[in-house]
Amino acid sequence: MREILYRLKDRYHLGTPTFQRTDLCFVTVRRDEIRAILTELRDMEGFTHLTFLTAVDWIEEQLFQLTYMVNNREANLSLGLRVLLDREDATGDTIHDLWPTAATYQRELREMFGIKFPGSPRVDEEFILEGWTDLPPYRRDFDTLAYSQQTYNDRPGRVTHDPKTHMQKTLYPSYPKGAK
Amino acid sequence: MVSPLLILAAGLGAAFLLGLLRDSSERMAFYLTVIALGFMSFVGLSWTVSLALGEAQPVEIYTAGARPPFAINLRMGLPEAALTSVVTLTGLLSAVFMRRDLMRLGRRAMAVLMVLIMALSGLIMTRDLFNLFVFIELIVIASAGLVLLSQDTRALGAGFKYLIVSQVISILLLVGVIFTYHANGSLNIDDIAATPMGFTGASLAIFLVLIALVLELKPFPANGWALDIYEAAHPGFSALFSAASGSAALFAVLKLFEAAGPDWAPLATGIGLVTFVGANILALAQDHDRRLLGYSSVGQIGLVLMVVGYGYDWDAGLYYVAGGLLISHAIAKAGLFWLSGLVKARKLSDWAALRQNPALVVAFATFIAMLTGLPPFPAFYAKWTLVHAMADYGDYPLIAIFLIAALIEAAVLFRWFGMAIKREAIRPLAYNLSHETVVLIAMTAGWALSFVWGAISGLDNLVTLVPLLFALLFLPLDILPARIKNVIAIAGLVLWFFLSKDGLDPLRLIFLTIMVLGGALLLLASFHAKGRRMGFYTPAMLMFAGMALLVTAETSFQFFAAWEFLTVGSYFLILRGHDSEPHALSYITFSLGGAFALLAGFAVASEGQFVIPLANLSEVAPEIAPYVFVLLAIGFLTKTAIMGLHIWLPGAHAEAETDVSPMVSGILLKAGLFGLFVLLMEMGRQELYGVDLTVLLVWLGAISAFIGAVLAAFQEDAKRLLAYSSISQMGYAVFGLALMNHLGWLLAMMFAINHFVYKSMLFLAVGGVKERTHTKLMYKMGGLITLMPYSFVSVLVGIIAMSGVPPLSGFGGRWIFYNAIMSTDLRLPMILIFMAGPVGFLYLFRLIHTIFLGQPKDELRKVKEAPFWIILPQMIFVAFLIAFAALPGMVLQRVDGYIGTLFGDRPLVWTGRIIDSQYGTWNPVAIWGVIIVVFVTVLLLLVWMNHNAQHVKQFNIVFSAERPFKPQTTHFAWNFFAPYRKAMGFLEMPVSTSFWTGVSNALHGTAEFSRKFYTGNGQTYAVQLMLFVVAVYLISMGASS
Amino acid sequence: MKDVDDKFRKTDTEVPLREELRPRKVTTPDGQEIDIDPLRDYFCEAKPKVHPKAYSKIVEDFYNWARANSLWILGFGTGCGAIEMRPLMTPRFDAYRYGIQWRPTPRQANLLVISGYLSVKTLKRAIRAYEQMPQPKYVMGLGSCTINGGMYWDSYNTIKRLDDYLPVDMYVAGCMPRPEALLHGFMELKRVIREGKGEGANKYAENFDQYKANQKAVIKDWDMPDYNW
Amino acid sequence: MTAFPNFEWVQIAYALLTLFIVINYGMVMTAVVRKIGARVGGRYGIPVWQNYVDLLKNIALRSKISHGVMYYLGPVFRLTGGVGLLMFVPTIYGSEWHQNFSYAGDLILALYFVFFGTLGMALGAGESGHPHSAIGVSRGLAQVTMAELPLALGVYALSLQYGTLDITKIVAAQQGSIFNWTLFTNPLATVAAMVAFVGTMMRSPFDVAMAPQEIPIGPPTEYHSSYLALMQTNRVLFPVAKTVIYMNLFFGGATSWAEFAIKVFCLYMISVVIGVVHPRFRVEQSIRFFLKWGLPLGVLAILTV
Amino acid sequence: MSLVQLSLATGFLLILLGLYGALTNRDIIRMIVSFTIADTGVNVVLVAVGYLPGREAPILDTIPVAEAASRITDPVPQALVLTAIVIGLGVTALMLAYAYRLFRARGSLDISEFTELKW
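Chains as they are written, first to last, in the UniProt record's numbering: chain H, 1 to 180; chain V, 1 to 1041; chain C, 1 to 229; chain E, 1 to 305; chain P, 1 to 119.
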């Protein structure tokens, strides 16, 4: 794993790698290099499988983080590449030509985060939401609870408990002492 | 009588006078030419007429007052007179035709023309060998001069090639002449004939003379120069060159072969046959009209040459046959060349311009029919006589080669005709009244000669047949609106039915009813057509005429003529359809192939007669009877489209017009069935190499029934589906017939009736749908039931009847079928038939489902019911089917009785409405009763429970909780039987299609390859000529030693 | 319990009608131009009817007995509860003995079991399936999700009260209810039907407009006719 | 009334009686068969009257829809096919009561009338416009083309053997001893025909036309309420009527209702037993099956008669 | 070798020479000349065949009519030759005319250039 990173480091700008396990590592790369790195990983280093492509909304930093998880099956190595995008008008680079499955992930990201992937097939079509007109629901500025309350009727009588106190009351009614 | 010498004198005199005229007076020169030619024609015609009527005797004209060998003598007999008339008339008409170019080139050209005609007449009349040479040289010079008339600069080269070859020929001829003279001491042909020379090495002299003259006939393959002339010369001159020069040269050859004696005859036969075959094959690859005509001319002359050699000892018969062919050729070829002058562009497809003038289309059709030997033209009689004579001599391979070549020729010509009818013209027709008149005169002459040939044929005169005349009546009537013509046509058919129905046995009566009355019924649908519908009624009536005559035919000749009539009529009908060009071509090719098989069969059966009563087929000698049976059966099976010979049918039936499809499917196929009826009735079982041929037929029928049904199930095109279904149904009928027992025949009869009714009905219904939806592809339709309820009803009744489900009449067919097979030993073919039964369901259900059920499409939502006149006959058929199903006895009982007299048994007992066989019972009324009572009861029950049902629309279906997206994707129709195809798709392999395509490709490939032989170089042509002479010499020497 | 940031307001934008349902012009084979309005031309527009009971009470009771003893369930699993329905067919529970069986098509089913949470997308399908069932028809909601949203109480895409949208005859509580509970639910439903109280379909027809309004409030891209026959 | 020899009105009553008996027998028998299947699987199974309840429920349904005339008539055709088939076949040999209207025709009538209901049903299903219905019909028709073949061959062999197409005569020829049954006199034809029997009973492994859960249930996807009630009636009537034909042709017919009940039940169980242990064939598989087994058997049967 | 045989041989030689020339030379003029040679050969053959040794030309001015039958050679070939020469002249003239026009049209006298019509 490290050798691979060393090899890459010669030519690309890699951030500090975070090793979760010896065979799983995350590293931040620059957006303009991601396609080159992915291509090289796929073709030279044996990372033939795109495990997933997902996003994280760092609303505080005004960033979206794309995580490309690729996997080398023969060596049983997983490498996560992070790319940070500007949250305003976020646009990623499509990699559907490297892995056709990526088109689906990108479609999902487009729908759920509003990240654009120009050139990806059918990327602007509905994916799992039908007739969604609000903010992309996985963005953190979308308040799902508020949306839910404004949209769906509650059945009266529903109570929300704090799990900790509720379970404590239910299971150990006599603790702490005298609390009954 | 005027002296025939005046023909020559007039020609020479006029040429001389023309020389005296001033250059500027072209008009006068032209009138002088025309007058002289007119005079020559008059002399020729007057001699022809008086000789033919016996008012004059043949005369010998001695020049210089001496008798041969001291002077030249000419003869004027009937053949000479007739040919002189042809030559001079062609000259006259061509002169008129070439008026503009003659005027342009002035009096010299006219003088050359006069010399040409004079020389041709002289060539015909002279009896002197050297005189012959002189005339030939005159012809060469004149021809070479006239070639220059053409505005095509390439004609120069062609003319020069011609001159080169002529030089070689003249050298050969001259050497031959002088040695002949040396050997005989006389140049007179009759003197030479008196001392015949054996076919030995010493007879090189006569060989040279003969071969030189034969070379003048442009024998294959030494004929490249002639083709170039045909292609490049002025069409008026080409007409002369083909019709007049060809005929005259041929007559000269005939004279010399008569003189040379019988030993030389095979030479003519051989060269003629090779030429006929070779030229026709090469013509396949041609797309230049005049060159094609050239090939055709070469082929036709070759054919006549073959007849000359073959029939040297027939006397009058030779002149009848050869004359029929020659005159047909002359008129047709001249006419076609003249026509080509009206067409501006030179591709075959450019003849589509002819459609601007229907009269010219008729002329074109006439000429092609004359060339291919279709009735009632002279070549038809000639072909009939020739083949019978060949059969008499036992030259069966010769018959085969001749007929195959004739078939190729027909294919070539009809391909051309198809292009003319179906393609789009690029350039309009040149308008020229005198040209058109000339063409129409030729056409009239063709018809007139048909009458003459018919009258002297000793057979029936086909031109005077009432049904044919009735069909021809529609040519002038074509200016009337279609509806009026339709009324006349229906009235004519009905009238003819009542005139001819008396005295027919029930079998024939039923066929007559189907063909004539059924035709009248189907014509009701033609009321739907608007406008004039030019060119529909003549072919249709021709077809019906053929069928009416077929049923009433008593002799082989009548039968065959009727067969050809219906073939030709139906061809023209099919050709009218959309996209039908290739299908019509394959139809006519297969049909004529079948017809030729019939011809051969009748010829073999006639054993020296020229015509036999059909009843005499039963008395054919047992050694040849099986072969006759096979030939006739092939002919009939082609018409019923048995598997293997079926590939013409789907396209032809599917592409035909709405009201034509039922005619050609419901009615025309019955002609083949009728033929088989007659054949089996007269000839019974036949064995060939120990194989019972009827068993073979049983197998063929079974295979057709099965494969036809399977193929039908895989069609996407509704009319194609029905067409394949016809193959299947005809398979059943053939099967029934070939069982050779009472019930089998009754079964075939039942199928004949049923198939007519429901196939006509279905074709009309599908045609009506097509009228509205403008497509035949079933998957593009769907859900039309509410929009076209009547069509739906007729299809519903049709498919219930066809599938044999009780209570409709198809069940009767199945019931008889089971009873029929119980009384026969043929068990294995039954299995195929059994398999075919349920497969029928597949395609029938597909037909009704994909068209009428399922999801209607956007663009078909407002479709109206089919036109009234298309619905009307369907409803009549529906009524008939129901009545026939309930009371089959009203038709079948008499037929049953009649078949009983043939087989001498009575397997069915008719008590009241009940039919009992040895094995079971069929009680149609009871079946109807029970089914109706149960059905109505159940229906009432449902209505009682379900009267408040909400009517919903097409997308209100449960769709896995989804909503249908659009009708196209919701209508399950395309490749409807995909799983069946997976299992049984191997039966779809286009075996017969690839076989016939292979045959056709091989022929075309041969043609394409061989024509490279004609390099266009005059020297090469000359070398080929020399080699040809040497080769013929060696071959004939080898053959004679 | 509004413990959320009230600053967030959902946006209510109209969703345009889907392409295939928009009126269009089509050229017929004859060359005419015709108008196609898919929703009108392809779908039946009739409203559901309130169907009266049989004239005689005895007959109606007899019918209700038959209906109760021949419950045909639409084989449509909406959520995780679908897995709890499978054991019902096994020898251990054997729901067949109560005349219960599963049918693959709504036309032949009488009982729609909503087996768990319903996303808006699935709700659309459930409505369609329900409306295509013949009357009388019954709806059973399984699990807390159908009752009050359950663990999906704050989901942006899951309904919280099934009876807002469909007339529910019987709820079976639990997360998820086990097959025994389900069987008990069926028995209860049979009792309700036998008592002649299983008139959900009529209720739906009577309050059709209200149900529709509720449904359309959450299904923004309403792309079907008002009532799916 | 020449078409109806010896017609008396009471025949109608007898025919209705036959119909009544057969329908009820079918109702109970199919339920019992299902119950047996359940017991084999360790389940309790449906009550034996479940069919009646279902039928009643379906009749009692309140709302109905119709896709059009042919859709409406489909079940009518279907049931007419079933009832007609029964009416055209003598049910009890030797009983004047239960000859029904078999004098209207012979074996051929029965064989072809089988298709009457199928065709009508297919048409009705077609008009419903549901693609699954059309797919089911396409599958069913494709399969039946081959499935019916061994029967046709067997019947042909049989009628050659007996020299008649009259069902009554064929039954008569089998009377006397159990060894006079066609089963023993012509085992090949019987086996061939039974292949067809299993193939056309719409049970596994030959139920791809319905293919429950796959194309929901094929042709009847859109049918419900009283339409379905008619079809349910037919569903219990038609197999019995068809089995009666086989019974008459190959198993000596029945001389009493008891014999009838036993024989029909046993024959019916053949297809059930085969069905419970075999998974479903695809169409092309079943076609190949019939080509490979049914066809040679049938050919052998007619060659060896 | 008699005179007849000699002239016959010469005639045939000329014919063959002429034909050979006509078939091997591509130049049209040469071809025409070759044909003329062949024609001459034919004429020689014609005369040779009609020649009877020891007889005179059939010119009745010098020979009494009564003796003519026994003193003159066969007059027919002589007549034929005359005609043939005339005709040969005509044909040659025509060919030359063609050659002229061909040259005018194409500017060439090569026979293999005139093959636009073929197949």
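Treat the hints as calculated values from the structure; they're not laboratory data.
One or more hints might be untrue.
Estimated spans, in silico, between C-beta atoms of each pair [stated by the list, open to error]:
1) E:97 / C:39: 52 to 60 angstroms
2) P:30 / V:579: 52 to 60 angstroms
3) C:55 / V:982: 49 to 57 angstroms
4) C:47 / E:32: 38 to 46 angstroms
5) V:994 / C:45: 53 to 61 angstroms
Each residue gets a CB set at the ideal place from its N, CA and C atoms; glycine is no exception.
Cross-check of the supplied hints:
1. E:97 / C:39: 52 to 60 angstroms: holds (59 angstroms)
2. P:30 / V:579: 52 to 60 angstroms: holds (56 angstroms)
3. C:55 / V:982: 49 to 57 angstroms: holds (55 angstroms)
4. C:47 / E:32: 38 to 46 angstroms: For residue 47 of chain C and residue 32 of chain E the Cβ distance comes to about 44 angstroms; the hint holds.
5. V:994 / C:45: 53 to 61 angstroms: Given range 53 to 61 angstroms: holds, Cβ gap about 55 angstroms.
When held up to the earlier numbered hints, the structure conflicts with none and fits them all.
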